[in-house]
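K.L.:
Residue numbers (the numbering used here), protein chains in the order written: chain A, 1 to 253; chain B, 1 to 213; chain C, 1 to 221.
Simulated from the structure, these hints should not be mistaken for lab results.
None of the values given here were measured: they were computed from a predicted structure.
Glycine is no exception: its CB is placed at the ideal position from the N, C-alpha and C atoms.
Keep in mind that the hints are not guaranteed to be accurate.
[Stated by the list, open to error] Per label pair, the in silico range of CB-to-CB distance: (1) B:Leu10 to C:Ala123: 52 to 62 angstroms; (2) C:Gln208 to B:Arg110: 29 to 39 angstroms; (3) B:Pro123 to A:Gln68: 19 to 29 angstroms.
[As the list claims (entries may be wrong)] Here chain C is said to cover these stretches of chain B; the calculated rule only asks that three of the stretch's residues, wherever they fall, bring their Cβ under 8 angstroms from a Cβ of chain C: (4) 44-57; (5) 60-74; (6) 92-99; (7) 151-159; (8) 188-197.
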Amino acid sequence: MSEATAVSIQNLSKSFDEIEVLRDVDLMVNKGEVVTILGSSGSGKSTLLRCINWLEQPDRGIIKIAGQRIGVTDGGKPMSMRELAKVRARTGMVFQSFNLWPHLNVLHNVTEAPIHVLGKSRSEAEAYAHELLDKVGMSHKAKAYPNTLSGGQKQRVAIARALAMRPEVMLFDEPTSALDPELVGEVLAVIKALSAEGYTMVIVTHEMTFARAVSDQVVFLEKGRIIERADPETFFTRPDTERVRKFLERNEG
Amino acid sequence: MNASAWNMLLEGAWVTLWISGVSIALGVVAGLLVALVRLAKIPIIDQLLVLYISLARATPLVTLTLFIFLSAPNFGIQLDRSVAGILALTINTTAFNAEIWRSAFGNFSREQREAAMAMGMTPWVMFRRIMFPQLTITSLPGLVNEMSFLIKGSPAIAVIGIVDLTRVTNRISAVTYEPLPPILVACVLYMAIIGCLVWLQRVAERRANRLAE
Amino acid sequence: MSNWEILWLERAQFIDGFISTLEIFGLSISVAFVIGCGMLYMLEGAKPRLEVPLRIFVDSMRMLPFLILVYLLYYGLPSFGIRLNAWWAGVGALAVYHGCYFAEIFRGVRQTFSPGQVEAARACGFNTGKMFLRLILPQIIMRARPLIGNQLIYALKDTAFLVIITVRELTAAANSLSGTYFIPTEAFVVVIGCYWLVSMSMELIIKQCGRFSAKRGFDNV
Chain A
1 MSEATAVSIQ NLSKSFDEIE VLRDVDLMVN KGEVVTILGS SGSGKSTLLR
51 CINWLEQPDR GIIKIAGQRI GVTDGGKPMS MRELAKVRAR TGMVFQSFNL
101 WPHLNVLHNV TEAPIHVLGK SRSEAEAYAH ELLDKVGMSH KAKAYPNTLS
151 GGQKQRVAIA RALAMRPEVM LFDEPTSALD PELVGEVLAV IKALSAEGYT
201 MVIVTHEMTF ARAVSDQVVF LEKGRIIERA DPETFFTRPD TERVRKFLER
251 NEG
Chain B
1 MNASAWNMLL EGAWVTLWIS GVSIALGVVA GLLVALVRLA KIPIIDQLLV
51 LYISLARATP LVTLTLFIFL SAPNFGIQLD RSVAGILALT INTTAFNAEI
101 WRSAFGNFSR EQREAAMAMG MTPWVMFRRI MFPQLTITSL PGLVNEMSFL
151 IKGSPAIAVI GIVDLTRVTN RISAVTYEPL PPILVACVLY MAIIGCLVWL
201 QRVAERRANR LAE
Chain C
1 MSNWEILWLE RAQFIDGFIS TLEIFGLSIS VAFVIGCGML YMLEGAKPRL
51 EVPLRIFVDS MRMLPFLILV YLLYYGLPSF GIRLNAWWAG VGALAVYHGC
101 YFAEIFRGVR QTFSPGQVEA ARACGFNTGK MFLRLILPQI IMRARPLIGN
151 QLIYALKDTA FLVIITVREL TAAANSLSGT YFIPTEAFVV VIGCYWLVSM
201 SMELIIKQCG RFSAKRGFDN V
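So that you can see chain A by itself, here it is in the shape it has in the complex:
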């Protein structure tokens, strides 16, 4: 594995009560690369993403974040919560339902983990937080509480919160699925801007146009297996499998 690999997944398998949701999944994400995971609902794409930061524990397989294995120590034992937290801190995750902390204002949502996980000083964390809030267009709401924000605004803050950890990889779990249609655009615009800046990202989404525009690599998951992977141009214009062709037809427009 080269220095340039941000995430590597080998032979990943996972079952929920006898039902296999992921089967022998392999995936490499290079630094600076944007990978989108597509698939119909129930294909296992969210589970795959949640395995990367061990929110779901896989049954088999090896996952490495920037060369560091997650979930299992070098000695082969399961990681303690403390060790796990350290590796997780190198990833940033954006959830479908935003999951901002309602008792903290926007600024403190962003500075909370840098201060209490990374041990940064408040002033340093706040300076960087303001920079990030500026980037997602939310600096004017720094003092607002999450319950006063629209869904799109919440998600932009959630993106800033994840970025504040200076993660090796950003994980997006259907970031626009819970949004009203008119708010989807502002969030996608922010993610697009990040991709242009060279952030490494793994994105689970249903937005085809967006996936085509932003991805370096598109992966299609079906019944827990990757049945197609290609650059976006190839994927969207001449896919290999009948299954993907059907999927694209149904999701056109």
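Place chains B and C on chain A using the hints.
P.N.:
Okay, now just chains B and C, sitting in the frame of chain A:
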């Protein structure tokens, strides 16, 4: 009523306030501890706590106060009256508070926890920084309501001779032979104390609702 | 002779106290229930002029300790020439105090009703009284039953306050026995057990009512 009667009433109010205040503080913390231990679901200890909560909820405060004060010497402990009173109120309120805390824990969303874990928080940091502040806000209305109940139950400590705001009216009328005025003043004082708590509860409810949005 | 044997020999005192507590509880809670229903009826709009004073009365009661109301009736009323003995003062205080709580519980449940029901009943020609008795009250009672159950337990516990004005009930029995024989621990363990048993049975009965009510579809109106 003369000046000394007023003084006595205020002293009685003070006794009610400080004994209740200490019991409330102890009961809120002890209730949290009981809730935490119950979350750990340790066999035997869990069943014992369930039994304790069930018994404490069914036992009248007067009975509990008498029981503690009278039977402590049997176990070689000499209890001061106020200590016995505080103990009885605390044992009672802890059981109710434990249930309030526990239901807040039970309703805490998995998403909030996942967001904290994904940011690399250890369980302890997550509890301290994310869970506990939110649990406090959601539990506060229930806890304040329970505080009102504690004040309303506090005259029970009069049964072991503590001169609280209720009992003091007897003392005054023993001198003045006019029982009604001191009782009415005591009523007004109780309403003022509990009125404050009711107001506090409304404020706490508004904050909790804002969090729940 | 062990302490427990003494208690067994003196069981008559416990039984008397227990029966006395149950009598006080049963009588006062029945009256309280009627008072609660009556207040609800008046708040329902039957007597508009009474509404504000009634709300003030209910809210004041809910801001007072039970014992101070007992004091008012027992020590205070004689100032107006009304002399109640300890037993009646206790029953009266319990009935009024918990009647107000019942009224508040009922009112809270009433507010969750849809106005459509009442309108439908009026359209069918029900008058206020009939509508209240046949339509509103049964639903409120069935839906409020967990809260009613809680209130019953509070009322049972409040009967113990009456020992302070020398009513001979269950806690008084334990108190006098522990004074006579110096066996407070055993005496109070028995008494606490009695309160616990009654509370548990009430909870059980309320739960059983819940099954009945679910069958009749009261819960998903």
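K.L.:
If a hint holds in the structure, say so; if it doesn't, say that too.
P.N.:
Consistency of the hints with the structure:
At about 59 angstroms, the beta-carbon gap between Leu10 of chain B and Ala123 of chain C stays in the expected band of 52 to 62 angstroms. The supplied range of 29 to 39 angstroms is met by Gln208 of chain C and Arg110 of chain B, whose beta-carbon atoms lie about 35 angstroms from each other. Separation of Pro123 of chain B from Gln68 of chain A is about 21 angstroms and conforms to the stated range, judged on CB atoms against 19 to 29 angstroms. Counting residues of the region 44-57 of chain B whose beta carbon lies closer than 8 angstroms to any beta carbon of chain C gives 3, which reaches the threshold of three, so the coverage claim holds.
Judged by the Cβ-Cβ criterion of 8 angstroms, the region 60-74 of chain B is covered by chain C as claimed, because 10 of its residues qualify and three suffice. Counting residues of the region 92-99 of chain B whose beta-carbon sits less than 8 angstroms from any beta-carbon of chain C gives 0, not enough to reach three: the coverage restraint is violated. With 8 residues bearing a CB less than 8 angstroms from a CB of chain C, the region 151-159 of chain B meets the requirement of three and the coverage assertion stands. By the rule of at least three residues with a Cβ nearer than 8 angstroms to a Cβ of chain C, the coverage given for the region 188-197 of chain B holds, with 4 such residues.
Taken one by one, the earlier hints fail for this structure only at number 6.
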